[in-house]
Amino acid sequence: MSIEEAEKGLIEDFEVFDDWMGKYEYIIDLGKDVPMIDEKYKDENHTIKGCQSKVWLHSEMKDGRIYFTADSDAMITKGLVAMVISVLSGHTPEEIMQSKLEFIDKIGLQEHLSPTRANGLLAMIKQIKLDATAHALAKK
Amino acid sequence: MDTTLKTKASHTEFDVESIRREFPILSVKVHGRPLIYFDNAASSQKPLAVIKAISTYYETVNSNVHRGVHHLSSLATDQFEAARKTIATHLNANVDEVIYTRGTTEAINLVAFSYGEAFVKEGDEIIISQMEHHSNIVPWQLLCERKKAVLKYISITESGELNMDEYKKLLSVKTKLVAVNHVSNSLGTINPVEEIISLAHAKNIPVLLDGAQAMPHMKVDVKELDVDFYCFSGHKVYGPTGIGILYGKEKWLKQMPPYQGGGEMIKEVHLDKSTYQEPPLRFEAGTPNIEGSIVLATAIDYMNKLGFDAIAKQENKLLAYATEKLSAIPGIKFVGQAKHKSAIVAFNIDGLHPYDIGVMLDQQGIAVRTGHHCTQPIMDLYCIPGTVRASFSFYNTIEEIDVFITALKKAIEILKK
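Residue numbers (this note's numbering), protein chains in the order written: chain A, 55 to 194; chain B, 15 to 431.
Only chain A is shown next, with the shape it has when bound in the complex:
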């Protein structure tokens, strides 16, 4: 499945919710299935600090594709992180670097990317792209 197809799938999943509660309950549920980062990686190097909630992120290259594991101390942030990872994990560095992640906007979660939300999500996406760039360079 391409990144765009995975995004489309998520957008469709969210179409069933007509109120904020259902939407957020689903986000929280998605967080429970996040590919959990190994405790040993929960160090300063893997910490992405938002102003409010913390995100830990680890990436690994296998057969030319990047796989992410993560965690967050806040449930909603963790759900958002899980969504981003589910869309990007298992793709090549080039695909990840080029991804636009339009699903966040389309699901109506763009306010979580606002710098004032300070949940670390924006910083995490930047870090994912940096990791992808680093893996791409290492490959060469």
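Quick caveat, the hints were computed from the structure, so don't treat them as lab data. Where a beta carbon is used, it is the ideal one built from N, C-alpha and C, also for glycine. A portion of the hints provided could be inaccurate.
Cβ-to-Cβ under 10 Å is the rule here; a few derived chain A residues that face chain B [as the list claims (entries may be wrong)]:
1) Trp-74
2) Tyr-78
3) Glu-79
4) Ile-82
5) Gln-106
6) Ser-107
7) Lys-108
8) Ser-126
9) Asp-127
10) Ala-128
11) Ile-130
12) Thr-131
13) Glu-165
14) His-166
Mind docking chain B on chain A? Use the hints.
Positioned in the frame of chain A, the structure of chain B alone reads:
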């Protein structure tokens, strides 16, 4: 006789509904629900008197101050200086002791720089506390780095009060200044500032008070307090952003060098040397926030018209009610339980992150602040990532607190599922 008194009392009773109508933003909807604004400690909303004064300024007065001989310039200057007088009268200060700044942060930075240049040298000490806003920590850290001085912190108790015994021990011949907040922005604690000042003055040490969180709630008299420096922000007292006040005793201001150069702060400029104005102009470089200054006086007038006793009564009622209702919520832990508190309740719910609660409340139209509130040392002390903070203003209502409590219960239910 009795009847007359009662009638009078009912006339002066706080009419929240009519006051709310003076604040247009209070009728907006957020996520389809009526806005409940409980983030007043971060910034207050503006009454029509203030909003209109801003447009009146630009429609009829706008011009640069202290310069032109033309009509508008003298009108702007008159209003700018009249506003200074209004603010000085409100603080019970002399008019030359009132300096316009961008806000509390700039006021503190100004003192840290200019007082620091004049009075602080290597090995000297500055005393602040562990409950300070970053704006009353970092300027002193910068000063101490610059001068190789030492920054000392008064610790706080579990309930969020200053450890006064420790404070007494910290005061020494090396202390050059004490700088603490009047009211804590993250705990709501009202500090015993009279005692803090008198203990410092007994050793001839001046005191700066960060009044950002006090000015919206109480009448401050700088002469009665005998405080050396007092700072506050316009936007927290129902005025515009980008304007604030530094009050400083003349005896200190006169001995302090300028903070920034250029514009109105000069007396004469020559290629080899310049001379500076007397305070307050010495500390007001560049074209000031003219509109902000004039409208800040409008905001102060507005508050005085409401009356600080009435404001305090309404806000204390809200604080007591919210505290009582919140106490009944399972797993709640209040952060900041000082005996004397301003209308701020900060808390955590066992097992939940404040961020998640903030997002859930926002979805229900309720604006609270979550996070460390620019007081990271306090959060480190209590070993928490932050708090949920509801801060009230006189325009908030008991009904809003009821909606907030229901919304909070719903948030907890969803998050704990």
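The hints, checked one at a time:
With its C-beta approaching chain B no nearer than about 4 Å, Trp-74 (chain A) sits inside the 10 Å limit, and its interface hint holds. Because the closest C-beta pair between Tyr-78 (chain A) and chain B is about 6 Å apart, less than 10 Å, the hint holds. Here the hint on Glu-79 (chain A) is kept, as its CB sits about 6 Å from the closest CB of chain B, short of 10 Å. Evaluation of the Ile-82 (chain A) hint against chain B yields a held restraint, the C-beta minimum of about 7 Å falling below 10 Å.
For Gln-106 (chain A), the interface hint holds, since its Cβ comes within 10 Å of a Cβ in chain B; the closest pair sits about 4 Å apart. Taken as an interface hint, Ser-107 (chain A) checks out: its beta carbon lies about 4 Å from the nearest beta carbon of chain B, inside 10 Å. At its closest, the beta carbon of Lys-108 (chain A) sits 7 Å from a beta carbon of chain B; the interface hint therefore holds under the 10 Å criterion. With a cut of 10 Å, the hint placing Ser-126 (chain A) at the interface with chain B holds, because the nearest CB-to-CB distance is about 9 Å.
At its closest, the beta carbon of Asp-127 (chain A) sits 6 Å from a beta carbon of chain B; the interface hint therefore holds under the 10 Å criterion. For Ala-128 (chain A), the shortest C-beta to C-beta distance to chain B is roughly 4 Å, which falls under 10 Å, so the interface hint holds. Residue-level restraint check for Ile-130 (chain A) holds (minimum Cβ-Cβ distance to chain B is 5 Å; threshold 10 Å). The closest approach between the C-beta of Thr-131 (chain A) and any C-beta of chain B is roughly 7 Å, which is under the 10 Å cut-off, so the hint is satisfied.
The interface hint given for Glu-165 (chain A) holds, since its Cβ lies 9 Å from the closest Cβ of chain B, which is under the 10 Å cut-off. For His-166 (chain A), the shortest C-beta to C-beta distance to chain B is roughly 8 Å, which falls under 10 Å, so the interface hint holds.
Violated hints are absent here; each numbered hint is respected by the structure.
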